[in-house]
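**Q** Turn these sequences into a full structure, and let the hints guide you.
Line by line, the protein sequences give chains A and B. According to our numbering, the first sequence is numbered sequentially starting from 1. According to our numbering, the second sequence is numbered sequentially starting from 273.
By construction, these hints were calculated from the structure, which means they are not laboratory data. Don't take every hint at face value.
Said to hold, decoys possible - Covered stretches of chain A, going by a simulated chain B footprint (3 or more residues, C-beta under 8 Å):
1) 116 to 127
2) 172 to 184
3) 187 to 196
4) 232 to 240
5) 254 to 268
Positions of the beta carbon are idealized from the N, C-alpha and C atoms, including for glycine.
Number of protein chains: 2
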Amino acid sequence: MTRIECHQLAPRVGELAANQHLALAAIRSSASAGVDVIVLPELVTSGYVFSSAAEAAQLAVGRDDPMFTSWAEAAGDSLVIAGFAERAGDGLLYNSAVALDGTGIRAVYRKIHLWDSEKLVFTPGGDAPPILDTRHGRIGILICYDLEFPELTRAVALAGADLIAAPTNWPLTERPAGERAAEVLNCMVTARVNHLAIACCDRTGTERGQRWTAGTTIIDQDGWPVATADDAGVAGAELDLLRSRDKTLTPLCDAFGDRRPELYARIFPLQH
Amino acid sequence: MTRIECHQLAPRVGELAANQHLALAAIRSSASAGVDVIVLPELVTSGYVFSSAAEAAQLAVGRDDPMFTSWAEAAGDSLVIAGFAERAGDGLLYNSAVALDGTGIRAVYRKIHLWDSEKLVFTPGGDAPPILDTRHGRIGILICYDLEFPELTRAVALAGADLIAAPTNWPLTERPAGERAAEVLNCMVTARVNHLAIACCDRTGTERGQRWTAGTTIIDQDGWPVATADDAGVAGAELDLLRSRDKTLTPLCDAFGDRRPELYARIFPLQH
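**A** Okay, structure coming up:
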């Protein structure tokens, strides 16, 4: 069984040092409790609603930033996935997520699908999402709006991910009374059709007038939520990630085996 | 605006003539009320839980069956999408859906993804789902388990469908208290990420011990249900199907324009 915790934090835009410490405290808390996989929100170090690209640049850090060293020390045996504003060597900015443990940075993923005004600040990623083979299972990483592209989530599932860990920053939108956020429903369905687990870690609070959805949810391979954030903002669950490797639906059906990729390519040649 | 009605019927397996009449009565009722698009369940003429392939063969009809003539006469200006067991000229059986109006059969779709013991009876379809350009909008047709393959639903959306009309036969499965059926959630998310409408017409009742989900739902382009079956088993809604053609999410975001197909093909070359 893999213990997963998401920390639905409320970083404050512009307060880099304070946010780094907020994240560090969350990592330390979960790691010391023996949690295996710790997920923090998108852009947890910088905040999200930038007043300008210049402000974003000031809040971005490189992969050699000492922040990651302190996070890695705190992580120990745990795997941490956390969003941050990345400044690359060439000065470009990326909306990135780091995966790290006590050995240091394991991977950095740069968000492929940028949402709205992120496009004015960040460069879209051009590399595949990492799928880390860890002792906790195979962990794929996506960020927020990436989840809305079934091409990508399916590809990550087919590439073998047992769990998608997804830092998010979902702006609150109107929805019918009694409904879950559409973004959470999307994660539930993505988990079910791909028979894998998803841990999406969202933001809470309000930032420069932008309210957040606070939609943090851990979802099992059948697509049902097993945990949302408690009063302390923590969603925690134990999941058997190995269940993700058996795509059997019935003795005659298999979620992946029943795909017909050659047919898709033939009947919709421009799309496959 | 397009008026859509789904008839959540309870055909009885083996009673071909009675089921044909049940369907005819539903078509007549909606068509005479001026409904534009009428959707009936999967395998509405034959029933679903066959005792043998031989029984299925006895309940299958060819495209020249007089049933379709009577349905077309009743349809008039309406477009009808209904599931039936199809016997092809070569004797093979297909789990098919017909689309017809007063001019006769417009298209027949053969289900591509067969569920469970359907595989013991039917041959899987090998042609693209039709996307009919009608005065009511562009109507794509899928059947039941097809909806669980995001490759296919995305392809139908990219090919221009405004509405997916889907005859279904969802076996009732356990779900957490208070949750919608997972199959309905899947349709909601499929509608939202592709910004199109979906009308899924399910079965009700029990057949040879198999209970049905009765999940009939008409879903708008934002992914929210606008109608489920009433006490008479009819789900009816008016939708502006032209809304499906504008995939704009924000001034800077577009559900289709933000896709990165070249990148998907490069980073997951075996899957795209």
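**Q** For every hint, state whether the structure bears it out.
**A** We went through each hint and held it up to the structure:
Coverage of the region 116 to 127 of chain A by chain B holds [criterion: at least 3 residues with CB-CB distance below 8 Å; count 7]. As drawn, the region 172 to 184 of chain A meets chain B at 4 residues by the rule of a beta-carbon pair under 8 Å; at three or more, the given contact holds. Coverage of the region 187 to 196 of chain A by chain B holds in this model, with 5 residues showing a Cβ closer than 8 Å to a Cβ of that chain against a need of three. Evaluation of the coverage hint for the region 232 to 240 of chain A: breached, as 0 residues show C-beta separations to chain B shorter than 8 Å, against a requirement of three.
Given a C-beta distance limit of less than 8 Å, the hint that chain B covers the region 254 to 268 of chain A holds, as 9 residues qualify and 3 suffice.
Hint check: a violation occurs at hint 4 only; the rest are consistent with the structure.
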